[in-house]
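Chains as they are written, first to last, in this note's numbering: chain Z, 1 to 437; chain A, 438 to 874.
Bear in mind the hints are in silico, worked out from the structure with no lab data behind them. Keep in mind that this is a model prediction, so the values were computed, not measured. Worth double-checking, as some hints may not be accurate.
[Claimed, not checked] Which residues of chain Z face chain A? A few of them, derived with a C-beta cut under 10 Å, are: (1) His109; (2) Ala115; (3) Glu146; (4) Arg156; (5) Asn207; (6) Gln256; (7) Leu286; (8) Asn287; (9) Val344; (10) Thr347.
[What the hints assert, rightly or not] Pairs of lysine to aspartate or glutamate, DMTMM-like flavour, derived with a Cα cap of 20 Å: (11) A:Lys760 x Z:Glu134; (12) Z:Lys92 x Z:Asp170; (13) A:Lys550 x Z:Asp266; (14) A:Lys550 x Z:Asp338; (15) A:Lys617 x A:Asp630; (16) A:Lys726 x Z:Asp266; (17) Z:Lys89 x Z:Asp123; (18) A:Lys740 x A:Asp831; (19) Z:Lys113 x A:Asp703; (20) A:Lys550 x Z:Glu118; (21) Z:Lys89 x A:Asp728; (22) Z:Lys323 x A:Glu571.
Glycine is no exception: its CB is placed at the ideal position from the N, C-alpha and C atoms.
2 protein chains.
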Amino acid sequence: MAVAELSPCTNTRLHTSQLSSLSTRLSDHRRRHSFRPLPRARNAGIFCSVAPNQIQAPVAAPTETPKEKADCFGVFCVTYDLKAEEETKSWKKLINISVSGAAGMISNHLLFKLASGEVFGPDQPIALKLLGSERSIQALEGVAMELEDSLFPLLRAVSIGIDPYEVFQDAEWALLIGAKPRGPGMERADLLDLNGQIFAEQGKALNAVASRNVKVLVVGNPCNTNALICLKNAPNIPAKNFHALTRLDENRAKCQLAHKAGVFYDKVSNVTIWGNHSTTQVPDFLNAKIDGLPVKEVIKDHKWLEEEFTEKVQNRGGVLIKKWGRSSAASTSVSIVDAIRSLVTPTPEGDWFSSGVYTNGNPYGIAEDIVFSMPCRSKGDGDYELVKDVIFDDYLLKRITKTEAELLAEKRCVGHLIGEGVAFCDLPEDTMLPGEM
Amino acid sequence: MAVAELSPCTNTRLHTSQLSSLSTRLSDHRRRHSFRPLPRARNAGIFCSVAPNQIQAPVAAPTETPKEKADCFGVFCVTYDLKAEEETKSWKKLINISVSGAAGMISNHLLFKLASGEVFGPDQPIALKLLGSERSIQALEGVAMELEDSLFPLLRAVSIGIDPYEVFQDAEWALLIGAKPRGPGMERADLLDLNGQIFAEQGKALNAVASRNVKVLVVGNPCNTNALICLKNAPNIPAKNFHALTRLDENRAKCQLAHKAGVFYDKVSNVTIWGNHSTTQVPDFLNAKIDGLPVKEVIKDHKWLEEEFTEKVQNRGGVLIKKWGRSSAASTSVSIVDAIRSLVTPTPEGDWFSSGVYTNGNPYGIAEDIVFSMPCRSKGDGDYELVKDVIFDDYLLKRITKTEAELLAEKRCVGHLIGEGVAFCDLPEDTMLPGEM
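Next up, chain Z with everything else stripped away, as it sits in the complex:
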């Protein structure tokens, strides 16, 4: 990666104080013009740090008035050379991780996990590039300040901004968490359109400026179709690199199976979530195993498996929001960590994990050209392959067909955003998961 590509620092950028006033002006503008969408200035609101290979001289005896880059965020403006120091010279090359919705609650958990080394390991320095909105830019500065105060040795750069064309620059991972929540009276079709536009724009931005092999994980709902929109707008990035998060569903399914079987959750394996991250999703108990045995041999209450299990998995978020008063930000961020780790560490022998991925020659006969959650294995190189040795029965197939039909209907709703002309929306029912409204 060339120096010029790695850092956006050579562009004209605004200082914190200027940004604050920009942010205020934008708010004023918004109020006066009653929420007309604003054109986004390319250079608005980016802070950046300096890449390690841009160093001119190693830091030895700092001078009285150190050279400060006015467009960096706080302490992350510092120049350094990881290869020059004993403790850090065995470290891998810095990777860029872009996160949207970075001022939200899920990110507030996730960013600190990324920075701690829990996800990419203790020898992998990272740069966090945080995407917010005009409205959240102050909060984003707060997040960056807390990251500073945490003194994470592996966190070597933090930048914040509101323009995906800046923030996604050279991203090797893009974690797309931000999405608009559904407003009162809003139909799922409206939400698909509203968020679809965001993901179309972000797809274009990734296509233009991200690493050519960027891995993209879409968390913002409706995540499968958002991921489809995103990849369709990023034709120069392999479609295989896009994922929609169904890992929280998988984790919840494992927990419910463990609970029912009376075993600890580490005994449950081979759980697939098939299809959409919605109420049509299919947690698969046919292929799942407990202590190496098929679930149906361990849990003899098949009525529970067929009639209660799926609902228990899906209602989890709703129950939680009632008890806790907030959505499940902590466990969602844990499942994002799990999803990333599953791609950067080899999958344990005989097991697999679920991810919403692009259907393109899948062995299950599922419709092509949608984003569908399926069982995957990885060598730990960031890539994955689909698992072939799964079985189906009528019950499982019938439900897979239903979630497939829903994803095809969602795709028709967003035809205008994926280059297929006019949208035609005939979604039969509301399938948002409880707690994710």
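Assemble the complex: chain Z is given as a structure, and chain A must be docked to it using the hints.
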């Protein structure tokens, strides 16, 4: 540790549904009686899991109707034997960690860090025992559900409750995060009294039921004097085991020094926070080092060090709350992790860390019998020793004297809670840190 001591499971306890109705009844009661304090039922609201050494038989082929313990929390009711399995038999013995204020935002970050293995290491299974209030018990169930859904292999037991005598049972670590916030018009003296009563009760509970060598970290404010009250009410636990958290202040000080010097924060070492976790605290730049050199040799702007540095450290929380709209839960929880890790891993050669500890024969001439933040080193055995080779100048001593005077005044305010008769409160000014009101 005997089996009978380890698990509170043999006591009479309430089911989730009963607890919910209890909780509702308590709320009704509260409303009718306009916030009179309630007597706490000893057995109200505890969920528990089973200790590994209570297992009768290893889990092999689960039966159709597994034996469920009705008083456990969800999946954590499972019986298992860590020594019976290849993956876990090299693990250490399970440790009990009790956390108060467990439904709050700091805990919402911290609990997931504890459960991930980030704090105590990848071979240390843990049990989390969560203390909430009548008001927060539903939220606490939500937290426990999110912990279930996170499938942390090391997290082997979770229990929740509202009675410290239950929740602190056999605790080897007690992280006391919960405290009442200061209400409108409330003086610091009122807050000292209000929270002091909580910490007096919790000290008594620890004294009665916790491990005889429990390590106690007080985060709830005013944390130094709360820690003093707590240890005075726990005469059977070594006073040396009690800590008041000043690590966030230390981390912030390191970040500000790094920023000013234009170096990355990993270059800053030997930073002491002296005294109280309040605006009288003394971030020590005389003994601190940057890249091994005294700070004053690196940062030549001594006016900044004397006149701006401390304020910058202290205002951090206030600036953050303005930008982010919330207090610094994430970085506080990171600093709690740092504080614990500093006690369970050997301190790097030549460095030290700050902790608010009991003064009892300190080498600095600081008044005895208070909780004062000082420089500590640890062999990683949970214990610490004070650092002797520090230097003082008039500027540093004058400020240490001021924070010492404040802590002595706070102690006089809580005389009634530490067995010293009538309280006499003459606190001169409000010294709560910005953002911690």
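Hint check results:
no.: 1; hint: His109; in the structure: holds, 7 Å
no.: 2; hint: Ala115; in the structure: holds, 9 Å
no.: 3; hint: Glu146; in the structure: holds, 4 Å
no.: 4; hint: Arg156; in the structure: holds, 8 Å
no.: 5; hint: Asn207; in the structure: violated, 32 Å
no.: 6; hint: Gln256; in the structure: holds, 8 Å
no.: 7; hint: Leu286; in the structure: violated, 18 Å
no.: 8; hint: Asn287; in the structure: violated, 18 Å
no.: 9; hint: Val344; in the structure: violated, 16 Å
no.: 10; hint: Thr347; in the structure: violated, 15 Å
no.: 11; hint: A:Lys760 x Z:Glu134; in the structure: holds, 13 Å
no.: 12; hint: Z:Lys92 x Z:Asp170; in the structure: holds, 17 Å
no.: 13; hint: A:Lys550 x Z:Asp266; in the structure: holds, 19 Å
no.: 14; hint: A:Lys550 x Z:Asp338; in the structure: holds, 14 Å
no.: 15; hint: A:Lys617 x A:Asp630; in the structure: holds, 11 Å
no.: 16; hint: A:Lys726 x Z:Asp266; in the structure: violated, 46 Å
no.: 17; hint: Z:Lys89 x Z:Asp123; in the structure: holds, 9 Å
no.: 18; hint: A:Lys740 x A:Asp831; in the structure: holds, 15 Å
no.: 19; hint: Z:Lys113 x A:Asp703; in the structure: holds, 19 Å
no.: 20; hint: A:Lys550 x Z:Glu118; in the structure: holds, 10 Å
no.: 21; hint: Z:Lys89 x A:Asp728; in the structure: holds, 17 Å
no.: 22; hint: Z:Lys323 x A:Glu571; in the structure: holds, 13 Å
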